[in-house]
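Q: Sequence:
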Amino acid sequence: MSYTSWAILAMVVYGANAVLLKLALRQVPAEVALAVTNTALVMAGFALVVFRGQSIIAHLNGSLSTVYLGLACVTLTVGVVAFYTALSRGPASVVVPIFAMPIWWLEMTIGFTC
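Its first residue numbered 350, the sequence shown is counted upward by one per residue in this note's numbering.
Be careful, since some hints might not be right.
[What the hints assert, rightly or not] Pairwise CB distance ranges (calculated):
| hint | residue 1 | residue 2 | range |
| --- | --- | --- | --- |
| 1 | A441 | H408 | 34 to 40 Å |
| 2 | R401 | R375 | 36 to 42 Å |
| 3 | P378 | G411 | 35 to 41 Å |
| 4 | L390 | Y417 | 17 to 23 Å |
| 5 | V423 | A449 | 19 to 25 Å |
| 6 | M450 | L390 | 21 to 27 Å |
| 7 | G419 | V361 | 29 to 35 Å |
| 8 | R375 | F400 | 19 to 25 Å |
| 9 | S442 | P378 | 17 to 23 Å |
| 10 | H408 | R375 | 35 to 41 Å |
| 11 | L369 | V391 | 14 to 20 Å |
Note that these hints are calculated values from the structure, not bench results. Just so you know, even glycine gets a beta-carbon here, dropped at the ideal spot from N, CA and C.
Model the full assembly from the supplied sequences, consistent with the hints where possible.
A: Here is the structure:
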């Protein structure tokens, strides 16, 4: 599959995820939903590492890529926690489009450039 096919699949599935998550958050606290859904994500990640014969330790070698990976962990964590919290408190029709907004559009809107 090409990278564009993967991107389209991600868009469709993540959009469906937001709807299902909003429905679940009617009765499940955001923290519980976060723990359950991301546990499944981590398990899938480890399964892919094993299936594809990769080594996590081999890639955590202190290089600049490792630093970037660590920073990505922080930003992903903050972003996902913020998304779940926002979705639990507000309407999906408002939260999801803001969450899905491309960062370049926001940067252009407020006068920053990449």
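Q: Now tell me, hint by hint, if it's right for this structure.
A: Hints, one by one, checked against the model:
no. : hint                    : result
1   : A441 - H408: 34 to 40 Å : 36 Å, holds
2   : R401 - R375: 36 to 42 Å : 37 Å, holds
3   : P378 - G411: 35 to 41 Å : 38 Å, holds
4   : L390 - Y417: 17 to 23 Å : 20 Å, holds
5   : V423 - A449: 19 to 25 Å : 21 Å, holds
6   : M450 - L390: 21 to 27 Å : 22 Å, holds
7   : G419 - V361: 29 to 35 Å : 30 Å, holds
8   : R375 - F400: 19 to 25 Å : 35 Å, violated
9   : S442 - P378: 17 to 23 Å : 21 Å, holds
10  : H408 - R375: 35 to 41 Å : 40 Å, holds
11  : L369 - V391: 14 to 20 Å : 19 Å, holds
In terms of the numbered hints stated before, the structure departs from hint 8 and from no other.
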